[in-house]
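Can you build the whole structure from these sequences, using the hints too?
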Amino acid sequence: MPSEVITHIMRYLSVADRKDAALVNKVWYDASLDPILQRDIVIHFYGTMVESRFPNLSRRKMSNLMLDQFDSSLESKSIMLKSCQNFSQSLRNLSLKGSNITDALFVDLMSHCKNLVHLDLSSCNSLFMSGRILELNDDIQKLKDTLKNVKVLNLSSIRFLSDATFNRMVTVCSNVESVHLASAQITFISDSYLPKGQTNCVSNSLLTFDNILHFIETQQDTLKALDFTRTGISDDPLDQIASIQNLELEEIVLTGCKDVTDEGINSLCKNQKHLRIVEVKGCTEISGAALELITQNLMFLEILRLGKCRQLNDIAVRNLHRLRCLQVLDLSEIYQLTSAGLIKGLCHNVNEMLTHINFNCCSNVKDNFVVSLCKAAPNLLHLDLGSTGITNISVQAVCKYLKFLRYFRVAWCREITDLALVGYKDADKDIIEKAKENPEDFDIGRLRRIYDNHIIFKKPTGFKKDQLSASDLEKLAHDTTTGYTLDCLGHLHDLDLSACKMLTDGSLVHVIKFKELRSLSLCMTNITDITVSAVAAKNPSLEHICLSQCLSITDDAIRDVTKRLTRLSSLDIAGCDNLTDKSIHHIQMNCKRLKSLDVSFCKKISPESVGLLETNMKTIQSVNKRLTGN
Numbered sequence: 000m001p002s003e004v005i006t007h008i009m010r011y012l013s014v015a016d017r018k019d020a021a022l023v024n025k026v027w028y029d030a031s032l033d034p035i036l037q038r039d040i041v042i043h044f045y046g047t048m049v050e051s052r053f054p055n056l057s058r059r060k061m062s063n064l065m066l067d068q069f070d071s072s073l074e075s076k077s078i079m080l081k082s083c084q085n086f087s088q089s090l091r092n093l094s095l096k097g098s099n100i101t102d103a104l105f106v107d108l109m110s111h112c113k114n115l116v117h118l119d120l121s122s123c124n125s126l127f128m129s130g131r132i133l134e135l136n137d138d139i140q141k142l143k144d145t146l147k148n149v150k151v152l153n154l155s156s157i158r159f160l161s162d163a164t165f166n167r168m169v170t171v172c173s174n175v176e177s178v179h180l181a182s183a184q185i186t187f188i189s190d191s192y193l194p195k196g197q198t199n200c201v202s203n204s205l206l207t208f209d210n211i212l213h214f215i216e217t218q219q220d221t222l223k224a225l226d227f228t229r230t231g232i233s234d235d236p237l238d239q240i241a242s243i244q245n246l247e248l249e250e251i252v253l254t255g256c257k258d259v260t261d262e263g264i265n266s267l268c269k270n271q272k273h274l275r276i277v278e279v280k281g282c283t284e285i286s287g288a289a290l291e292l293i294t295q296n297l298m299f300l301e302i303l304r305l306g307k308c309r310q311l312n313d314i315a316v317r318n319l320h321r322l323r324c325l326q327v328l329d330l331s332e333i334y335q336l337t338s339a340g341l342i343k344g345l346c347h348n349v350n351e352m353l354t355h356i357n358f359n360c361c362s363n364v365k366d367n368f369v370v371s372l373c374k375a376a377p378n379l380l381h382l383d384l385g386s387t388g389i390t391n392i393s394v395q396a397v398c399k400y401l402k403f404l405r406y407f408r409v410a411w412c413r414e415i416t417d418l419a420l421v422g423y424k425d426a427d428k429d430i431i432e433k434a435k436e437n438p439e440d441f442d443i444g445r446l447r448r449i450y451d452n453h454i455i456f457k458k459p460t461g462f463k464k465d466q467l468s469a470s471d472l473e474k475l476a477h478d479t480t481t482g483y484t485l486d487c488l489g490h491l492h493d494l495d496l497s498a499c500k501m502l503t504d505g506s507l508v509h510v511i512k513f514k515e516l517r518s519l520s521l522c523m524t525n526i527t528d529i530t531v532s533a534v535a536a537k538n539p540s541l542e543h544i545c546l547s548q549c550l551s552i553t554d555d556a557i558r559d560v561t562k563r564l565t566r567l568s569s570l571d572i573a574g575c576d577n578l579t580d581k582s583i584h585h586i587q588m589n590c591k592r593l594k595s596l597d598v599s600f601c602k603k604i605s606p607e608s609v610g611l612l613e614t615n616m617k618t619i620q621s622v623n624k625r626l627t628g629n
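Under numbering that gives the first Met the number 0, the first residue of the sequence shown carries the number 0, and numbering increases by one thereafter.
Source of the hints: derived by calculation from the structure; they are not laboratory data. Do not take every clue at face value.
[Said to hold, decoys possible] In silico DSS-like cross-links for lysine-lysine, where the CA-CA straight-line distance does not exceed 27 Å:
hint	residue 1	residue 2
1	Lys591	Lys581
2	Lys500	Lys18
3	Lys399	Lys500
4	Lys591	Lys617
5	Lys113	Lys223
6	Lys591	Lys562
7	Lys624	Lys603
8	Lys147	Lys81
9	Lys76	Lys150
10	Lys96	Lys143
11	Lys269	Lys96
Structure representation (C-alpha cells):
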C-alpha cells in the first residue's frame, strides 16, 4: 500500500490510534511522520530530561512544542536549542511556560523560530525579573524580523512584567492579534507613581493600564483578542478599551474579574458588536441586565461562558435563543436557574449550532428541560449535568437523541439508577403520565414543591422503583425493544458517573463498552472487581480512569486494568482500602505509558513500594501518595 494512502487513512484516526498504527512496520511509521499528521501533536519536554535521553526527532516536522520547567543549566540549554533547531521551519506554537531561563538564552531560542505563530511565556518570572529582556537594540532588531508572524502572545502570570518589558515584547511581535495578561499585576490608577510634572511615563517596575491602553490604540487595526482574567479591571477601563474607534475585538476574556459590572458589559456590547467569544465566568456583579444586552447586540457570538454569575435567573436566560450562532454555553453554578426559564431560552427552536453545554451544579435543572434540550439541540457533543436534579428519564433522552455526544457527565446525580443505563423505559411510566397532565409540576424524583415560602409535600404516587436482579438487568441491556441503553452513545470519549450511588455491577458491566472511550470516572460508586474487569476488557482506548473511593475493588481489578489497558496514562485509586502492594507491582510491570498516579489514603499500600515505583518507572511524572500505609 502506498504511503500516501496510509497517511490519508491515518488522518481519520485519533492521536493515540495513530501512535499504535505507526508501530506496524517501517512503512507505516514513515507515513505517520507526514507533516499533515503532526499538526495536532504536541511534543512536551520536561526540565528533568537528560541529554542522553533526548530523542532523535529531526525527521519530524512538528508544529507544537512545549518546554516545561527548564532552567539555564548547560544541559537544559542544549536540549532547548536542539529542539528549536530541529523544528525551526515547521514550528508554529512554542510554550516556555514556567521555564527558568535568561534573556540571552531567550534571544538564542527565538532566533531559530522564524515561522512562530503562538508564543507562550506564562509564568516565566525569571525571564522578566531583571527587567533587561530585549534591552539591547541589536536583540530587538534581530527578533523583530524573526517573530513578525506571531499572532498570539501569552504573558500571563508574570509577576515582574513592567511597561518597559511589555513594550519590548510587543515591539518584536509587531503583528500580534491576541494578547493574554491573565493574573498580571496591572496598576489601573498610576497617577501616584508618576514623577512630578509628568502625565505619562513608561515604568520600569510597574505594568500600568495606561501603557496597555496606548498599545491597544496603536494596534487597533490588527488586535482581535484580549485576556484580562483575574485582574483588577473594572468598568471604566473596559469602557476605554471598547470605545477605541477602529478596534473590532472578536474575543474578550474577563474570567474572575469581580469588579466588572453591567455597565462594563453594556459598553462592550454597544461598541464591540463583532465579538465571537465572551468569557465572564466568576464575574459575580453581573446580573440579568448584562445578559439581556448580550442577547440584543452580539449576534455573532459563538462562545459564552457565564458560570458562577449567580445573579442570573430565569428571566435573564429566556432570550438566549436570539444568539443564532451560539456553539458553546457555560451556565454552571448558577443556582437560581430552573427548567422553566431554560426551556424558554434554549428550546424555543431547533438549534443545530449548539455543541457544548455546561449545567454543572444547577440544582434546579430537571428532566423536563433535559428532554426538551435533547430534541432542540441534536448535535450536542459536550453535556455536563453534574449535580443536577435529573433522574433516569434524562439519561434515556440523552441516549435516544444525542447520537454524536462525546462528553457526558452526570456526577453526583444520585437518583440515576441501573434502569437508566440498561434502557428500561417503563420504569417511570406512571410518573411520566402524571407529568404530562401537569407539566408545570414536572419535578420527578423530588418529594416536595416549593411555592414562595411554603413547602407543599407531594401526594405519594404509589409507584415504587423495582429493584431488578442482575439477570434481569442483563436481559434488559440486550433487549433492543425496551429502551435506549448507554452504549447507544457510540462516539463517547469521556464519561463521568462519579458518586452515582445507585449504580451497580448489574448495569455497568453490560453498557460501558465504547471503542473510542478515553476517560472514565467511576469514583465513589458501589462497583466491584466485576465491573472494573469488564470495563478493562470492553474499552481498549481508555487512557484515564478514576476509581477513587471504590471501596470494594481489590488487587485483581488493578491487575486486569493494567494488563488490558495498554494506553493507560492516568490512574486514580485514592482511598481504595482493599488495595495492597500487589497493585503497585501490577502497575509497575504492565503500565508502559503511565504518567500520573494517585494512591492517596490507601491504607494497605506502603510508601516504600510507591517510592520503588517512582524510581523504576521512567514515564511517571506525577505521583500523589499522601497518607499511604496509615
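If you draw a straight line from the CA of Lys624 to the CA of Lys603, is it 27 Å or shorter?
Since the Cα atoms of Lys624 and Lys603 sit roughly 12 Å apart, the hinted pair holds (cutoff 27 Å).
CA of Lys147 to CA of Lys81, is that 27 Å or under?
Holds - the C-alpha atoms of Lys81 and Lys147 are around 22 Å apart, at most 27 Å.
Does the structure keep Lys591 and Lys562 at a Cα separation of 27 Å or less?
Satisfied, since the Cα-Cα distance of roughly 10 Å is no more than 27 Å.
CA of Lys269 to CA of Lys96, is that 27 Å or under?
Violated. Lys269 to Lys96 sits at ~36 Å, over the 27 Å cutoff.
Would you check the hint for Lys500 and Lys18, treating anything up to 27 Å between C-alpha atoms as holding?
violated, 37 Å
Hint check: Lys96 vs Lys143, CA-CA at most 27 Å. Holds or violated?
At roughly 21 Å apart (the allowed maximum being 27 Å), Lys143 and Lys96 satisfy the hint.
Does the alpha-carbon distance linking Lys399 and Lys500 stay inside the 27 Å limit?
holds, 23 Å
Sort out whether Lys581 lies within 27 Å of Lys591, counting only the CA atoms.
holds, 17 Å
Hint check: Lys591 vs Lys617, CA-CA at most 27 Å. Holds or violated?
Within the cut-off at roughly 9 Å; holds.
Quick one, are Lys113 and Lys223 close enough, alpha carbons at most 27 Å?
Status holds; Cα separation ~22 Å.
Is the hinted pair Lys76 and Lys150 satisfied, with a Cα-Cα distance of at most 27 Å?
holds, 26 Å
Checked against the numbered hints given earlier, the structure breaks hints 2, 11 and satisfies all the rest.
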